[in-house]
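4 protein chains.
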Amino acid sequence: MVPKLPIILINFKTYIQATGDKALALAKICEEVSKQYDVNITVAVQAIDLRRIARECDIPVFAQHVDAITPGSHTGHILPEALVQAGAKGTLINHAEKKIKLLYVMAVVRRMNELKLETCVCAANPQISGAVATLNPTYVAFELPELIGTGISISKAEPQKVEKSVELIMKNGPDVIPLCGAGVSKAEDVTAALNLGAKGVLLASAFTKAEDPKSVLTRMAEAALKA
Amino acid sequence: MVPKLPIILINFKTYIQATGDKALALAKICEEVSKQYDVNITVAVQAIDLRRIARECDIPVFAQHVDAITPGSHTGHILPEALVQAGAKGTLINHAEKKIKLLYVMAVVRRMNELKLETCVCAANPQISGAVATLNPTYVAFELPELIGTGISISKAEPQKVEKSVELIMKNGPDVIPLCGAGVSKAEDVTAALNLGAKGVLLASAFTKAEDPKSVLTRMAEAALKA
Amino acid sequence: MVPKLPIILINFKTYIQATGDKALALAKICEEVSKQYDVNITVAVQAIDLRRIARECDIPVFAQHVDAITPGSHTGHILPEALVQAGAKGTLINHAEKKIKLLYVMAVVRRMNELKLETCVCAANPQISGAVATLNPTYVAFELPELIGTGISISKAEPQKVEKSVELIMKNGPDVIPLCGAGVSKAEDVTAALNLGAKGVLLASAFTKAEDPKSVLTRMAEAALKA
Amino acid sequence: MVPKLPIILINFKTYIQATGDKALALAKICEEVSKQYDVNITVAVQAIDLRRIARECDIPVFAQHVDAITPGSHTGHILPEALVQAGAKGTLINHAEKKIKLLYVMAVVRRMNELKLETCVCAANPQISGAVATLNPTYVAFELPELIGTGISISKAEPQKVEKSVELIMKNGPDVIPLCGAGVSKAEDVTAALNLGAKGVLLASAFTKAEDPKSVLTRMAEAALKA
Numbered sequence: 002m003v004p005k006l007p008i009i010l011i012n013f014k015t016y017i018q019a020t021g022d023k024a025l026a027l028a029k030i031c032e033e034v035s036k037q038y039d040v041n042i043t044v045a046v047q048a049i050d051l052r053r054i055a056r057e058c059d060i061p062v063f064a065q066h067v068d069a070i071t072p073g074s075h076t077g078h079i080l081p082e083a084l085v086q087a088g089a090k091g092t093l094i095n096h097a098e099k100k101i102k103l104l105y106v107m108a109v110v111r112r113m114n115e116l117k118l119e120t121c122v123c124a125a126n127p128q129i130s131g132a133v134a135t136l137n138p139t140y141v142a143f144e145l146p147e148l149i150g151t152g153i154s155i156s157k158a159e160p161q162k163v164e165k166s167v168e169l170i171m172k173n174g175p176d177v178i179p180l181c182g183a184g185v186s187k188a189e190d191v192t193a194a195l196n197l198g199a200k201g202v203l204l205a206s207a208f209t210k211a212e213d214p215k216s217v218l219t220r221m222a223e224a225a226l227k228a
Numbered sequence: 002m003v004p005k006l007p008i009i010l011i012n013f014k015t016y017i018q019a020t021g022d023k024a025l026a027l028a029k030i031c032e033e034v035s036k037q038y039d040v041n042i043t044v045a046v047q048a049i050d051l052r053r054i055a056r057e058c059d060i061p062v063f064a065q066h067v068d069a070i071t072p073g074s075h076t077g078h079i080l081p082e083a084l085v086q087a088g089a090k091g092t093l094i095n096h097a098e099k100k101i102k103l104l105y106v107m108a109v110v111r112r113m114n115e116l117k118l119e120t121c122v123c124a125a126n127p128q129i130s131g132a133v134a135t136l137n138p139t140y141v142a143f144e145l146p147e148l149i150g151t152g153i154s155i156s157k158a159e160p161q162k163v164e165k166s167v168e169l170i171m172k173n174g175p176d177v178i179p180l181c182g183a184g185v186s187k188a189e190d191v192t193a194a195l196n197l198g199a200k201g202v203l204l205a206s207a208f209t210k211a212e213d214p215k216s217v218l219t220r221m222a223e224a225a226l227k228a
Numbered sequence: 002m003v004p005k006l007p008i009i010l011i012n013f014k015t016y017i018q019a020t021g022d023k024a025l026a027l028a029k030i031c032e033e034v035s036k037q038y039d040v041n042i043t044v045a046v047q048a049i050d051l052r053r054i055a056r057e058c059d060i061p062v063f064a065q066h067v068d069a070i071t072p073g074s075h076t077g078h079i080l081p082e083a084l085v086q087a088g089a090k091g092t093l094i095n096h097a098e099k100k101i102k103l104l105y106v107m108a109v110v111r112r113m114n115e116l117k118l119e120t121c122v123c124a125a126n127p128q129i130s131g132a133v134a135t136l137n138p139t140y141v142a143f144e145l146p147e148l149i150g151t152g153i154s155i156s157k158a159e160p161q162k163v164e165k166s167v168e169l170i171m172k173n174g175p176d177v178i179p180l181c182g183a184g185v186s187k188a189e190d191v192t193a194a195l196n197l198g199a200k201g202v203l204l205a206s207a208f209t210k211a212e213d214p215k216s217v218l219t220r221m222a223e224a225a226l227k228a
Numbered sequence: 002m003v004p005k006l007p008i009i010l011i012n013f014k015t016y017i018q019a020t021g022d023k024a025l026a027l028a029k030i031c032e033e034v035s036k037q038y039d040v041n042i043t044v045a046v047q048a049i050d051l052r053r054i055a056r057e058c059d060i061p062v063f064a065q066h067v068d069a070i071t072p073g074s075h076t077g078h079i080l081p082e083a084l085v086q087a088g089a090k091g092t093l094i095n096h097a098e099k100k101i102k103l104l105y106v107m108a109v110v111r112r113m114n115e116l117k118l119e120t121c122v123c124a125a126n127p128q129i130s131g132a133v134a135t136l137n138p139t140y141v142a143f144e145l146p147e148l149i150g151t152g153i154s155i156s157k158a159e160p161q162k163v164e165k166s167v168e169l170i171m172k173n174g175p176d177v178i179p180l181c182g183a184g185v186s187k188a189e190d191v192t193a194a195l196n197l198g199a200k201g202v203l204l205a206s207a208f209t210k211a212e213d214p215k216s217v218l219t220r221m222a223e224a225a226l227k228a
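Chains as they are written, first to last, in our numbering: chain A, 2 to 228; chain B, 2 to 228; chain C, 2 to 228; chain D, 2 to 228.
In short, the hints are calculated from the structure, not lab data. A portion of the hints provided could be inaccurate.
Copies of the same chain are indistinguishable here, so a pair counts whether it falls within one copy or spans any two.
Said to hold, decoys possible - List time: in silico BS3-like cross-link candidates among lysine-lysine, alpha-carbon distance up to 25 angstroms:
(1) K157 with K102
(2) K102 with K210
(3) K157 with K187
(4) K90 with K215
All values derive from a computational prediction rather than experimental measurement.
Throw the hints in and build the complete structure from the sequences for me.
Structural data, given as structure tokens:
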């Protein structure tokens, strides 16, 4: 089951603007724009908000992390089976703010595959993109940590790194979908990312903290359609 | 706001029998027994199931872990404010299956206090019970990790350790409520724990994996009432 | 065996000025000043430099970290027995730059006691000082992480926190020796710390990165003697 | 500078039989056999024993772990520059007993390259072998964790996994040297590993805990020569 591309993947993080009722409201905006433009807009939400958003919004919903565990005695962990039951479509993993050990990345990818869930592995530089692509996740999202949240788009600041990342992902994991993140804040950043070979973008604050999130997302969806 | 005592605190862990719809069904049983006997039965559920159970059951609901963060860029973490919005009453922390650094225990207790949430810090031996009691959480739950899940009750196997734990908790944190866990599987284990000075019990599989969980819990509630 | 007090405990960290041959040269200066003033000057050095310095210098030598392991399959860890064989007198543990889980602090203290080695547990605020003092290490060193390396002395910037820390250490662990660190850079900081109830100081860059380390240490030793 | 192949890489772990004076004695045996048969025998020793063994034995000496840090405030860490000064030739990294985050593997490989030190990245299954080979370390050592210390040789129990590992290493990192570990306990295990495409073996207890370590190693060196 191949995801619809290009994809706009939005990380709600633990922003207060993207928690609880506000998380639902933002997800509703994503649903609306997604339907209007027929563009894949996926939201990665906090575990606590996941079930509700997955039930009430007709867009794919991701977790932001999952543990490579099977059911049992794992107090305080995120169980892959719980994602399924809550209606999640997949998960982010290895984000710069929640890095995990290499063996864990592989174990998560395997468990997600067993459960027919998608995995987006984040990578902090092109070499890491290439390394994790060998593990065959659904997506690899390349984000330079130093640009996250800055509004300085990686596609502009470091286009050669985006190209290198896409190249290594395609070489090491031909079925893996390359995404581009870090500093994606305007429609033109979406265009630039797609022109450099990415099949989608990963963004966070540019949408969740925007004064007018719908307007920001609408322009990005238009750019995604055109590219 | 002092919690109603004694308390039966039930950890749902990531058992498949205590995930999703089954978690809700178990929590409903807890609610029913709690009302029938007027005993405080609190459930510590997976983050993904928390909001739903807190909304649909009239008993206190805890998380199994929370991160000592403030709102912001913390992908994949559990935000204290999200607990509040989801209707949680508190959280477990430092469980043997999710141990955290000492400074983090303190930071969690502080953040929970700010948000008027309760904290139950788990401790793996009497000395640790005494150490974390100095940080003034709501509860300290003493569980010998080697007895967790065995059905061998700590109150019977190591009564002097339970007494030592209660003693050190009361000495170092006079307002802290001492609980006793590990191997609590029968009504008589509840009685024994309360007789040794604990003000409640922490249990998991004896209820969540029971053939007849309602019957198990009913007998424990009766024992709690009598003690 | 009670350590000689007051103590000046110097953390060599992983400064290049305190690595390899330069570490030995600095330790030799400590030995010289220690003998001249009959003051306990203890150095906490990198594991790789420990054996050589312990063999060649007649002062107590600490490790900067040790693992709570017994001999066996623990690739890449620091074995307590290896400290003994190398001639170490003890170890720092739980430094702000190497924080460990609470249960580990206790396990390290126990293993060190078995081997007749000393333990200096670092604590990042007065409450943590009190919590770790319940575990009966040899020393608790209170260092506000935000002042480490600044040259702003904790005894001047936050004297009431030093007093609170000393008070909680003495209350919860009457045999524990309270030390004071963070920003100790001049003789007067040593005097201030001792006047606030500390029995010694923990310092790092003020000595290891000084233009004239011997002169800095000499003045501190004089201040320690007078206090 | 290409390492001499095949290589017998011996991990001393934290065995009491391979600590302190006994570590030196074992390393002396390695030196003797290495010279007699002109085979590369490299030892990975505890940080505390490293300098002494590197000074007193004329064989390559590895650390068992190193941190991806530069000189500075990193109490309790292993500084790459300290390895150089102590005479180390390289380091193991990411051993099953000391797993690290993916980004750290890359950072260690880079820092080691800057300092002209070798890196042997351990991998717990063929896919991980392939992933870490993209990062261009000197060696990738494939060890199934469940066979470590069992004496059941991976080359016999799971030859197809060894072949797959070698294949993925050569595909993703043509300059990387593939090693094979886990259960290597006899001369014939060395032969089998080399026949499956590995350029050397990684072993531990079969040598360090042997009644007659010299005899064990001599037979392995003969097998390495013949293969």
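Alpha-carbon proximity context of K157 and K187, limit 25 angstroms
within (12 angstroms within a copy, 49 angstroms between copies)
Between the shortest in-copy and the shortest cross-copy C-alpha distance, which are at most 25 angstroms for K157 and K102: within, between, both, or neither?
neither (30 angstroms within a copy, 28 angstroms between copies)
Which holds for K90 with K215 at a C-alpha limit of 25 angstroms: within a copy, between copies, both or neither?
within (23 angstroms within a copy, 34 angstroms between copies)
Which holds for K102 with K210 at a C-alpha limit of 25 angstroms: within a copy, between copies, both or neither?
Neither way: K102 and K210 sit 31 angstroms apart in one copy and 30 angstroms across, limit 25 angstroms.
Checked against the numbered hints above, the structure breaks hints 1, 2 and satisfies the rest.
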